[in-house]
Structures are given as C-alpha cells and as structure tokens.
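**Q** The residues making up each chain are set out below.
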Amino acid sequence: MKKIPQKVIHRYLRHDKKFPHVWCPGCGIGTILGDFLRAVYNIGIPKDEIVMVSGIGCSGRMPVYVDFNTLHTTHGRAIAFATGIKFSEPRLKVVVISGDGDAAAIGGNHLIHAARRNIDLTIIIINNSIYGMTGGQASPTTPLGDYATTAPFGSIEPEFDLCKLAESAGASFVARTTAYHTMEARQIFEAALNKKGCAVVETIAQCPVSYGKMNQQSSAIEMLKWQKENTVSIKSFDKLSPEKRQDKIVRGIIVDKDREEFTARYENLIKRLQKNESSKEKSKQQAGENQKKSKSKSKKEEKK
Amino acid sequence: MIKKSKLRGEFFMQGDIACAEGAIAAGCRFFGGYPITPASEIAERMAYRLPLVDGAFIQYEDEIASMAGIIGASWAGAKPMTATSGPGISLMNENIGLGMMMETPCVVINVQRGSPSTGLPTSWGQADMMQARWGSHGDYGSISLSPNSPQEFFDLTIVAFNYAEKYRLPVFVVTDAVVGHMTEKVVIPPVEELDIIDRKYTNKKPADYRPYDPDDDLIPPFAKAGDGYRYHSTGLTHDERGYPVMSEECQRRCAKRLVDKIKKNADDIIITEEHDIEDADVVVVSYGISSRTVIPAMEKAKEKGVKVGFLRLVTVWPFPEKQIRELSKQIKGFVVVELNLGQVVLEVERCAAKHAETKLVGHPGGGMHKMDDIVNAILEVANEQ
Ligand SMILES: Cc1ncc(C[n+]2csc(CCOP(=O)(O)OP(=O)(O)O)c2C)c(N)n1
Ligand code: SF4
Ligand SMILES: [Mg+2]
Numbered sequence: 006m007k008k009i010p011q012k013v014i015h016r017y018l019r020h021d022k023k024f025p026h027v028w029c030p031g032c033g034i035g036t037i038l039g040d041f042l043r044a045v046y047n048i049g050i051p052k053d054e055i056v057m058v059s060g061i062g063c064s065g066r067m068p069v070y071v072d073f074n075t076l077h078t079t080h081g082r083a084i085a086f087a088t089g090i091k092f093s094e095p096r097l098k099v100v101v102i103s104g105d106g107d108a109a110a111i112g113g114n115h116l117i118h119a120a121r122r123n124i125d126l127t128i129i130i131i132n133n134s135i136y137g138m139t140g141g142q143a144s145p146t147t148p149l150g151d152y153a154t155t156a157p158f159g160s161i162e163p164e165f166d167l168c169k170l171a172e173s174a175g176a177s178f179v180a181r182t183t184a185y186h187t188m189e190a191r192q193i194f195e196a197a198l199n200k201k202g203c204a205v206v207e208t209i210a211q212c213p214v215s216y217g218k219m220n221q222q223s224s225a226i227e228m229l230k231w232q233k234e235n236t237v238s239i240k241s242f243d244k245l246s247p248e249k250r251q252d253k254i255v256r257g258i259i260v261d262k263d264r265e266e267f268t269a270r271y272e273n274l275i276k277r278l279q280k281n282e283s284s285k286e287k288s289k290q291q292a293g294e295n296q297k298k299s300k301s302k303s304k305k306e307e308k309k
Numbered sequence: 013m014i015k016k017s018k019l020r021g022e023f024f025m026q027g028d029i030a031c032a033e034g035a036i037a038a039g040c041r042f043f044g045g046y047p048i049t050p051a052s053e054i055a056e057r058m059a060y061r062l063p064l065v066d067g068a069f070i071q072y073e074d075e076i077a078s079m080a081g082i083i084g085a086s087w088a089g090a091k092p093m094t095a096t097s098g099p100g101i102s103l104m105n106e107n108i109g110l111g112m113m114m115e116t117p118c119v120v121i122n123v124q125r126g127s128p129s130t131g132l133p134t135s136w137g138q139a140d141m142m143q144a145r146w147g148s149h150g151d152y153g154s155i156s157l158s159p160n161s162p163q164e165f166f167d168l169t170i171v172a173f174n175y176a177e178k179y180r181l182p183v184f185v186v187t188d189a190v191v192g193h194m195t196e197k198v199v200i201p202p203v204e205e206l207d208i209i210d211r212k213y214t215n216k217k218p219a220d221y222r223p224y225d226p227d228d229d230l231i232p233p234f235a236k237a238g239d240g241y242r243y244h245s246t247g248l249t250h251d252e253r254g255y256p257v258m259s260e261e262c263q264r265r266c267a268k269r270l271v272d273k274i275k276k277n278a279d280d281i282i283i284t285e286e287h288d289i290e291d292a293d294v295v296v297v298s299y300g301i302s303s304r305t306v307i308p309a310m311e312k313a314k315e316k317g318v319k320v321g322f323l324r325l326v327t328v329w330p331f332p333e334k335q336i337r338e339l340s341k342q343i344k345g346f347v348v349v350e351l352n353l354g355q356v357v358l359e360v361e362r363c364a365a366k367h368a369e370t371k372l373v374g375h376p377g378g379g380m381h382k383m384d385d386i387v388n389a390i391l392e393v394a395n396e397q
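Residue numbers (the numbering used here), protein chains in the order written: chain A, 6 to 309; chain B, 13 to 397.
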C-alpha cells in the first residue's frame, strides 16, 4: 500500500478558503472529509475530474473547502443535481455529500431512484442522527426514544436503516463506517470511488452539539467511544451469537455487486440506435446505387 | 426514424413537438422532466430525438429532481431544458431560485393548463404569469417568452436558449395547452441559418478565474466542470469567488446584480409586435393564445369607427415598461386581454397610471374570450369622457 504523506489533505483544500470553517469543535464531519481526501489521494483521481455536490446542512458545507469542482445546492436535491452532471458528462467523477436529513427525509426519493437506476455516483451520507445545522431537530435516523428539540419526550418514530434502504433500491455498492474508524473509512471510500455504479456509504458521525447534548453524550470523545463499542465489522458480526448481535451496528462493505450502470446503458442505447441509423442509411444508399446500376444497365441494353 | 439533427423543411406539426425541435435546433442536449398534461409530448419527443443527436434524456422521479438535474447538466456544460405545466412549476420553484442564484443557463417550458391546483389538466389558461415572474422566493430578474402558435413555439424556444446562455439564468417559455396541442404549419430552417448564441466561457487562466466576477454587461463568464477551473457555486449569498459571505454588503451586491443584469439589458430582451399603434386611441395588450382573439376583435372595433391598435407581448418578462409608459401619454386607454382574472394587467396599470386608463378583459381559462367582450371593452374605453 502507498504510504500516505502527512498533511496530504492540504493539497486538496482550497488555499484561500481553509479557515475558519463552520463546524463545531468535536464535530465528526471534518474527520470524514480527511478520510475522503486521503482516499482520493490514494487512488490518484485528478482534482479537475472530481465534482463534489452537496445539499444543505452542516455536512453540506463540505464542498466549499475542497479544491474540486464544487456545487452547494438545495436541501435534499444534491443527488438529483449530481445525476444531471454525471449523465451529461459521464467522464467526471461525481461525489455527493449529504446529511441524514438531506438524504433520507427531504431527499429520500432521489436516493431511492439513484440506487434504482444504479447511476455512477459516490454518495456519502454523514449520519449524525439529527438535523445539526438547524439546531437539533429529529431526523429519520434519530433512534426511537432518543431526544431532539422536536422530540422533547423522546422520538416516537422508528429510525431508517439507510444501508438496507439503498440495498433494496438497487445500489451496486453499499457500506457503513464511522468517524471513529478512520482507516476503514478511507478504504471504504476508495472502494466506493472505484465502483462503477451507485455507491452509497453511510458514515456515522458524532454531532456533540446538536445531538450529544440532548442525549447524555456531550463530548466528542464519549461519542467516538460509543461508535467503537456499538458497531462491529461485518466479519465479526457473522461470528456473534444471535443475542450478541442485537444492538450492534454492522460496519464494512455490505453490498458489492455488478449491475449495469445507468450512463453506460444509455451509451449502449445511443450506439444501437445510431448503428441502425447508419445501416439503414447504407442499405438505402446501396438500394439507390443498385437502382442506378440497373438503370444504366437497361440504358446500355437499350443502346444495344 | 428521423435522421440526426438535420430536421428541416415545412411540417404540419404540433406545438409541443415544435418546441422540442426548437430545443434540438438550439443545441439542447439534456432534457430532464416528469410527465404532465399538456406538456408530456415535449418529453416524449425529446426521449425519441436526443439519443440520435448524442444528447441525454432522463425521466426523473419528480419535477423537483428535474429542475435540479438540468441545473447540474448545465454546470457540466450542456444546454438543458425541462418542460411541465403549473403543478410542476410549483414544485420546481425552489430550484428555479437556485438556478437564478447560481446563474445557470437553462430553459423551463410551462404549457399552462386551467388552474389553480390540478385545475383543468387537459384545458388551458394563462394564470401562471405572475408565478413565472415571482415564483421562487427572493429578488431576481427573470425572462418569460409567450408564443401564440406552434411556429412561434419553435422560434421562441431557440430565443429562450439564446437568452439563457447570454444572460446566464433559467428562461421560461410560458405558453398554454392550445398552443401546445394545436397542429399548424411549422417551418424549420436549416441549422446554419439559425442564430444560435452559446454562453461566454472565460478566457482567463484557472488561477485568475473568479466564477462570479462579472464583465461590463454584468454577466460573469462561465467555466464548466472538468476544464480545470475548479469553481465553487452555491445558493448561499456569495462573493465573486463563489464563496459564501453572510453580510449585508455582499447580499446587496449579489441580489442586486441578479436584478440589474436583466433590467439593464431589457431593451435587448424585450420583443413586442405592434399593429396600428401610431394614431391609436385605444391599445389592446395581449400575449400568447389570447392574442389570437384580439385581431378579429380589433377589426370589428375599427368597423365601428374606433382607432384601435394592438401591442402583443412576445416577451412578457421583463415587462416592456418604457413602451407602455410612452404609449400611455399618447392614448386614451389600454384594454388587456388575458386568460386569467387579472395578472399582466397589473403591470399595464402600474405603467399607465398617470396618463391612461386600463381595462381588463379577463377569463378564468378553460375557454376563450368572446370576441364581443373584447370589442365592447375597446368601445367603452374609446367612448369614455
Ligand atoms: C427546503 C428546505 N427546508 C428546510 C431547510 C432548513 N434546513 C437546513 S439544514 C436542515 C437539516 C439538516 O440536517 P441533515 O441533513 O441531517 O444535515 P446535518 O446538518 O445534520 O449535517 C434543514 C431542515 C432548508 N434549507 N430548505
Ligand atoms: S451542529 Fe453538529 S453536525 Fe453541525 S457542525 Fe456542530 S457538531 Fe457538527
Ligand atoms: Mg444530520
């Protein structure tokens, strides 16, 4: 494996827009950004070819700091927007950065349909189980019973399993990791970036400010410990007894399958149509030439 | 199957199809949309045509995605379009604002039906005119063109692309179910004879490029993804680099230029058609399909001795304020004919207020104005003391 130089992420940050950034002390989003940039370095994707698209939220503020083509769009719509970019210019590497509210609430429909089409997008969902940016309202991934400013008596809604959702909608790559497991996160981002197809990575991240405070976990360290203790890698999970499996969140690559990718399928359609077109054209031309030939023949015959 | 992009000649063609052909002729190579009567035929034609010209067609999961998607495609360098009707525009409006704020060239077609809400899906109206102007939240200049025939639907779709590219914004073609579904003669000239404008790309080096640094015409030159410029663009209030700045001063600069770039270029954008305006006492103002009822009504009013002229708004937004102000000083009054209960008439009233009176001949849609209603309104204005 290539040795990753220290401070390599500085090569990918916009030199005129590094600090101050918007994230709170202890927030998990910055760690995930670091893991992602190391993955980009390791694969060696040129900066010019990466387009990073986000919606609205704390996670949505990531693109402005990185030296790629970056677009900060509307709440929930980054995937739909990114689909337009990818479909229009398939040679670009299009990455979506999304929050849990962004991807699973307001933008849930677009997530489902991107997975169904299996369009080649790397979709990174930063799941902090809360609406961070707007101050701690419940999200579709807030665990049942947890507190939020809009669930002051504990949430009465069961939470989404984002990986199961992406898998059943058809994404060809689905994985889960956390802000704590930085090495694993980097490797998963690399695999996701290398995948030709819709790759969804749920990244569990701590939001000590909007979520932690309301749920007896006010320090980032406590929350990172929680990520360590309450998740298990997919390999270890399989070895656990059914009782022990309960309450454990699985990490790792959950789905990695080959399914024809959307833009490739469209390109094949274009080729097929245009081939038909040109063969029709040819046969028309040929028919024309044959006619000419037979005409000239008959003329010759007439002359005779 | 239709061959490549070189459709030309005379056709007996439906309005919606003519719109799609206009888009292809203008260089549109991305369509994202969601089916809705009376605009679906545009999507259907694009689905059929785009793969043959190396363009991309996608039926999105809804209109919100469609609008987001065409903005995305534009940032990758495509000339994109979507087409819908009132309910779809209502869903698109948040992202239309994003398109305005990011200054993204794209075209949005609204084939109006009877409204509000689901209204009259298979019938027509013109009640989305103010929505076209003010639909998304916030201040921004906007452009709407209103064709009254399939031929003009073809022509104005091309103009819409030209304006979108030139002024960097989503441009509306706001027509209605009659024009969309009517079949008439459409002449498609050879591509070489069409005036096609492409967006202005930057000629600066990437290190010197600032994505929102405007030229003297108030339009910032464009750079597309993959060309080495690594721009940032956002719906947040931003500075010339595209970076968010949450200050009053930046807000003023940012929002003001969005308004000014259309205001200052209004003379270039506004297209109107005049009939017998010179010595008129009464001028009828109309646009789109209702304008086709005006011509015979005018003839009838003339038979009764009224000096009546007609100003057809081909461009509805930006509104031809100057022209209406000038006219108001010369005439007795305006008669505004539109298939809604009073929208564009408000603009005429505003511009004519000091000098001439304004009378609305409205109609809620689902039918056409009775010619006599227009004639009577003309006579009333002409005979007022
Ligand atoms: C259409 C719309 N509705 C609501 C909002 C307000 N809003 C901004 S961010 C956000 C939630 C963000 O939560 P999440 O997606 O989980 O991102 P996080 O901040 O937690 O990273 C909301 C509701 C908005 N910007 N746009
Ligand atoms: S509110 Fe939460 S998610 Fe947002 S920056 Fe602060 S810690 Fe991070
Ligand atoms: Mg969140």
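Keep in mind that the hints were calculated from the coordinates and are not lab data.
Please read all numbers here as calculations on a predicted model, not as lab measurements.
For glycine and all other residues, C-beta sits at the position ideal for the given N, C-alpha and C.
Check each hint, because a few of them may be wrong.
[Said to hold, decoys possible] Chain A is faced by these chain B residues, among others (derived, beta-carbon under 7 angstroms): (1) I70; (2) Q71; (3) L110; (4) G238; (5) R265; (6) G354.
**Q** Are the hints correct? Go through all of them and say.
**A** Status of each hint after checking the structure:
{"no.": "1", "hint": "I70", "verdict": "6 angstroms, holds"}
{"no.": "2", "hint": "Q71", "verdict": "10 angstroms, violated"}
{"no.": "3", "hint": "L110", "verdict": "5 angstroms, holds"}
{"no.": "4", "hint": "G238", "verdict": "6 angstroms, holds"}
{"no.": "5", "hint": "R265", "verdict": "18 angstroms, violated"}
{"no.": "6", "hint": "G354", "verdict": "32 angstroms, violated"}
Violated hints, in rising order: 2, 5 and 6; the structure is consistent with all others.
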